[in-house]
Amino acid sequence: MTGTGNPESHTEVLQGTLDLMVLKTLETMGPQHGYGIARRIEQISGDLLRMNQGTLYPALLRLEQSGWVSSKWGVSDNNRRAKYYAITKSGLKQLAAETKNWERVSGIIARLLQPAEEV
Amino acid sequence: MRINRWRILGTRIAGFLRLRARDADLNDEMRAHLEMAAEENRRRGMSAEEARYAARREFGGVDQVKEAYRERRGLPAIETLLQDLRFGLRALRKNPGFTTVAVLTLALGIGANTAIFSVVDAVLIRALPFPAADRMVWVNAKFPLGDTAMVSPPDFADYRAETRSFDQFAAMGFLASSANLTGSDKPEQVLTNIASWNFFDALGMRPMLGRSFVPDDEHVEFPQVGILGHGIWVRHFGSDPAIVGRKISLDGRPVTVVGVLPADVPLLSEAEVWTPAPMLNTGMRNRQSHFLVVVARLRSGVSMGQAQSDLDAIAHRLAATYPETNKSWSLRMQTLREVTLGSVRPALLVLLCAVGLLLLVACSNVANLLLARAESRRREIAVRGALGASRWRLVQQTLTESMLLSLGGGALGVLAAVWGVHGLRLLAPADLPRLDQVAVDGSVLVFTLALSVITGLVFGLAPALQVSKVSIEETFREAGRATARVTRRRAANALVVGEIAMSLCLLAGGGLLLRSFWKLAHTDTGFRADHVITAKISLPTAVYGDASKRVTFFRQLEEKVKSLPGVQAAGAISELPLNGEYGDSFFTVDGRAYPPPPNQYDDADLRQVTPGYLAAMRIPLLSGRWFDDRDTANEASVIAVNQAFARRFFPGRNPMGSYLRVGGSESAREIVAVVGTIQHYSMGEDPRPEMYIPLAQSKQNRMSLVVRAAADPRHLATALQDVVSSIDKDLPLSAIRSMDDVVSASIAEPRFSAQLLGLFAALALVLAAVGLYGLIAYTVTQQTREIGIRMALGAATRDISRMVLGRGLRLTLLGLAIGLGATLALTRLLQGLLFGVTATDPVTLVAVCVVLVGVAMVACWLPARRAMRVDPMVALRHE
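Line by line, the protein sequences give chains A and B.
Those letters in the first sequence? Residues 0 to 118, by numbering that gives the first Met the number 0.
Those letters in the second sequence? Residues 0 to 878, by numbering that gives the first Met the number 0.
Excised from the complex, chain A in its bound form:
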């Protein structure tokens, strides 16, 4: 999903993680077009995360097929036709569930990675 020809320069974005980031972005920012979502994710990560923006579209399609986001064509700030994605009710539920799951997993991993004497 995220493979490019340039392995050393970016953090791999796991498929589930990208979904989570997209849902979170849509929750905080409201309806957004694909470019907006991509920019937002890059800005938040402070350029630590460099993704091929194109990989976003298959992910958006997957989320839409699952019913977590909906899409419709609209007009952007500078009068450009663009497709806007919005998080749905079940998307919000999914986000809540995934967030909890993420916190649990990252908590476990954080503890695993703590220096040995603190255990």
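By construction, these hints were calculated from the structure, which means they are not laboratory data.
Keep in mind the model is a prediction, meaning the values are calculated, not measured.
Among these hints, one or two may not hold up.
Claimed, not checked - For lysine to aspartate or glutamate, the following DMTMM-like pairs were computed, each having C-alpha atoms within a straight-line distance of at most 25 Å: (1) A:82 / B:62; (2) B:326 / B:34; (3) A:82 / B:57; (4) A:71 / B:27; (5) A:71 / B:83; (6) A:71 / B:39; (7) A:71 / B:66; (8) A:92 / A:63; (9) B:468 / B:83.
Assemble chain B onto chain A, guided by the hints.
Chain B alone, transformed into the frame defined by chain A:
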């Protein structure tokens, strides 16, 4: 989650239906994205061009996104399948030579498999054509001497009355016998058989006209009623609908027709006229005459084991009541399937394996063709990979092409099989069960379809894996070619080695069967079959009841036939050799107690002959004097024995002048001659002890006429019938055949297996040779430059040809080594089919290895010759 999955499927189907719209959508969306990104970049101060370029870079591969997007959207499986099919067809059309060779090779393999499977399906797989056939059993007698035997009529009646394990317990005579059907304008010899009244019920069959037998039909001394087979009803009685109730005459005895059987019913006997077993006849009341075959239907809920203990209990009671005849006799059951199909199963399974191997060889060849093609398509594949096709998609595409090829081969194979089945029916032995039902039908087509798909996967796998390993970067850098070529060559070598190994297995199997058949066909039969014609004749007992009339008839017949122009000798015998005819008798050597105590009598085959028989068959007289016209009923009783008899019963002694008591006879017969031993039941059998007695001193009325001619004996057929009619105009001759045909029919089954396996082996050899040729020719082409350099550096053409031939020889020898190992393991399956050769017969194995190496060397020599003609200057300019 379940709802979610359905929802995804729904949107996918919708997506599939709105393909083009969604494609346009995605394009718009991506364009908007890129423009927005470029705009922002410009605001940051980049030039217009830089901004666009940076936007694209950040976006990544547009085509890869499209591909990934498409795979998620719609129903990618169907979409890509349609796309692959279109692409595959185009690719195959673009390369008609390759396509033709591949499809034809596959058609050969699949067609051969389909044809053999249609035989196996009809003969072995399809259910027996009886209702609830799985509950039908065949019941044999088992007695202390170990062999199986038939059941005697009184025993049968007792078992039938007492057993509780069967819905039907029925019987028929174990051999159909011929009888003269008279009473209409044309006399005809027909096969008749007796049946217990419930026989047709046991088979689950009702007459289409009239009725079946009823219990009272059995309570007679001679059958009063009869049931006609469909064939004779049509042939002899012109499909007369009013036949029921009419009287016909069988061997001069009146019989009322009570029923006609439907067409196409299997009866387990070739009889055309059925009469009820006349249980009151003296011949039916001897517990020592075992000649009934019992067919029974297990009651539902009763297991074979339960039925067996039921039968054992009855056997026990019978043994107690009739110790002299029934001590240690019991009944054993076999399923009907085992009995009717058991004997042909090994040969058919061997053929099925063989034809499977043939298909594998064909698959290897096509796989090799595909590999070579994949090699030349590396760049195309690499380009498609670079444009975003995932590896799985590339593999899918390759497999689709393989599938197209194999389905094309399958379709053509079905046509080949229809034609092949026709040939098989002609080749197959006439006694192959259910031969008439062999056809390419629904179930065979399903088999072919499945086989084609599997075939496509098998030969498509290697090239597909090859494709999946294509490295995009390496292909574009020319350096990668060398390593790729090595792996391809390794795969191709493995395939060719496998082909050679499998061909060796087939050749060895075919060689063994052919050699075994050749030995069988050249077995010394003990008589001379050439220039001999035979025919059956049966004297009706009503007219020829008096023995002297029969003797006179046959004496007249022999004299008149001998005086026909071109006839050298003529005689007659009760049981013609190699024609499945059976007759034996117990006897004692005079001086011992008679009758012998039960289970201690000797037994040997017994034939009744006329004096001319020995000369007509050219069986050698070893000592003594042969019968002549003076050996009549009024003269001293005489007997002749064969050499096997003399060795077995008179070891180290001269049997001449000893006396034998045969069967129930009171008078002893003097042994006056010892004659040569012949093959009677089957070619290749161990010599069987035989006794001959003069027809004039016996009661036989059914004989086979044996006539030796100077030229082609078949021209005598009409003359023989004329002679018979001149003596008795009502007497028909039947089964007029040359003795050569009789002998040949007796080995039809081994001939069938040997011919087919030989054919498959030859085809496999050709395919393997083509495969080897293709591989070597290909490497020579690839190495033209190398060869050119070597020659420029002074290599002689001899060295070049050695190099090319050496590679072919190495592959061949490797295949040979593997093949020999496999052959030694596989030919053991043939053991039961072989005569006179062992499954590891060194002569055959060496011979097929030599043949294989020879053919392989020719296949390599052709490209080697081309390599020798390489002009160094041209070769060096080649690349």
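Now for the hints, and whether the structure bears them out:
1. A:82 / B:62: holds (20 Å)
2. B:326 / B:34: Not OK: residue 326 of chain B and residue 34 of chain B at ~106 Å, beyond 25 Å, violated.
3. A:82 / B:57: holds (19 Å)
4. A:71 / B:27: holds (13 Å)
5. A:71 / B:83: Not OK: residue 71 of chain A and residue 83 of chain B at ~33 Å, beyond 25 Å, violated.
6. A:71 / B:39: This hinted pair holds, its Cα atoms lying about 23 Å apart.
7. A:71 / B:66: holds (22 Å)
8. A:92 / A:63: Roughly 14 Å separates the two Cα atoms, so the pair holds.
9. B:468 / B:83: holds (20 Å)
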